[in-house]
Amino acid sequence: MLAFQPPQAIQQPRHFIPLHSPKPNRVTLRPSITNFTKTDNNPSIQLLCKRGDLRQALQLLSHETSPTQHTYELLILSCTQKNSLSDGLNVHKHLLDNGFDEDPFLATKLINMYSELDSIDLARKVFDETRNRTIYVWNALFRALTLVGLGQEALKLYSHMNRLKIPSDRFTYTYMLKACVAAESLVSLLDKGKEIHAHILRHGYESHIHVMTTLVDMYARFGCVRYASLVFDAMSTKNVVSWSAMIACYARNERPFEALELFREMMLASDDSFPNSVTMVSVLQACAALAALEQGKLLHGYILRRGLDSILPVVSALVIMYARCGNLELSHRVFDQMDKRDVVSWNSLISSYGPMNAGNYVLLADIYGGAKMFDEVKRVKKLLEARGLQKVPGCSWIEVKRKIYSFVSVDELNPQIEQLRALLVKLLKEMKDKGYVAETNVVLYDLEAEEKEKIVWGHSEKLALAFGLINCKNGEIIRISNKLRMCEDCHSVTKFISKFADREILVRDVNRFHHFRDGVCSCGDYY
DNA sequence: ATAGGGTTAG
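No gaps in the numbering here: position 276 of the first sequence is 276 in full-length UniProt numbering, and each next residue is one more.
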């Protein structure tokens with residue numbers, strides 16, 4: 001290439017090719033096409049592929065040439081990059097005509113190419129027609145099948161491979177674990193996943209970080225938090241990805257406390273894995289679920305310091321976190337910092353938004369219970385069980401001085417529980433004197449009135465409220481979040497208290513925010 | 001001989 005010659009060489013008139021010509025142009029000067037040997041044309045095709053000039057490369061290929069394996073590899077990659085199936089098919093045909101049909105290396109590349117070009121049938125065809133199948137060829141098809149959600153097909157092929165006594169490698173295992181998740185019916189394939197887990201241990205991959213992380217993720221996606229954490233704890237070395245996978249497991253399986261706790265552990269861990277944007281998204285989700293505003297703000301600060309604040313998933317998670325924590329002003333401010341293109345994708349995100357699953361069923365059961373339709377309540381509960389959704393216990397959180405305290409209805413572990421109960425009894429008495437009657441028709445079961453009163457006064461949000469009254473300074477807003485929908489009794493009690501204790505109280509339940517002030521709630525009692 | 005893999009917004 002003239003452009004790369006030293007200046008003095010260019011100045012010497014050694015030949016008659018004009019200096020302004022972009023290249024030596026041997027194509028037009030060569031006397032006949034037969035002079036065009038492998039070593040002559042391959043570098044040109046390779047160069048064109050590397051430049052991304054697929055058109056030119058294919059034009060050279062269409063001449064009577066015999067490219068090498070490496071040239072074909074670059075051509076295939078180029079077709080993938082240009083997203084051109086028709087060119088891919090041409091290269092494929094050309095390669096077969098030139099005797100590379102037995103080449104497992106190129107078969108792997110072709111399977112990957114067809115997979116990328118959404119042509120799973122062609123990927124499969126390449127596999128079927130390749131007689132010399134290295135583990136790379138098998139794995140390429142496993143990956144392709146899994147990516148399009150044909151997990152069961154991949155698993156079937158895996159059994160076939162096992163029957164042929166072809167040994168798996170670490171890639172096979174990761175693809176098979178993903179295949180279990182990528183399949184249509186999740187229930188039956190959890191067992192399959194456990195089976196592969198056993199294969200992995202049997203073949204000594206228990207300390208392989210990629211395989212183990214995939215295993216954590218598989219259990220996470222099946223909702224088996226315990227198994228995921230057992231695998232994670234047993235890992236001898238951990239890195240950002242494995243930490244993130246486990247944190248995501250907690251965050252997506254309604255275990256936000258554990259997610260935050262593990263994040264803390266990660267920051268203290270001696271392996272030098274810093275949280276990245278992926279980690280932060282999951283931690284922000286946990287904060288959103290807990291309505292933990294102060295924690296969220298700290299995380300926002302960390303995100304800014306680490307320069308992760310321009311990554312779209314992170315920004316989206318921040319917007320949602322602030323919104324779910326009831327700070328719409330900050331949510332809006334972060335939202336405004338997005339560029340236009342991001343706003344569009346964020347809108348599509350929000351439109352399909354809606355921490356809802358088991359909550360809907362519980363809500364429905366609540367409504368039936370309120371209408372005293374106890375048969376319907378039973379029906380919904382059965383449905384809930386049949387769908388494998390766990391009935392979530394009523395549970396509330398409150399954040400006081402940057403610490404989050406959680407309450408469930410029967411909470412003997414809280415050190416202040418006696419004090420809280422005493423306060424509640426005192427409040428109840430005071431309220432009764434002022435004409436309060438417990439709203440007990442929210443209780444789902446057919447019980448005596450007094451028993452029902454006991455139940456609603458044991459509701460976790462009342463415990464959280466009492467805790468807030470004791471521990472929050474006067475003038476400070478008491479912020480509570482509630483896993484389920486606020487019950488009517490809690491709602492009226494909170495209104496009551498906001499007036500005679502003169503406190504501002506913000507409650508986020510599964511549906512909306514309730515802002516209590518001076519005996520009135522922002523929802524206007526319609527919720 | 002070569003090649004490929006794990007975590008997140010939706």
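Errors might be hidden in some of the hints.
[To be verified] Think about it this way: if two alpha-carbon atoms lie no more than 20 Å apart in a straight line, the pair counts; the simulated EDC-like pairs of lysine to aspartate or glutamate are: (1) K473 <-> D518; (2) K495 <-> D518; (3) K473 <-> D502; (4) K93 <-> D128; (5) K82 <-> D118; (6) K165 <-> E195.
In case anyone wonders, no lab produced these hints; they're calculated from the structure. The structure displayed is predicted, hence computed values, not measured ones.
field: Hints violated by the structure (listed by number, smallest first)
entry: none
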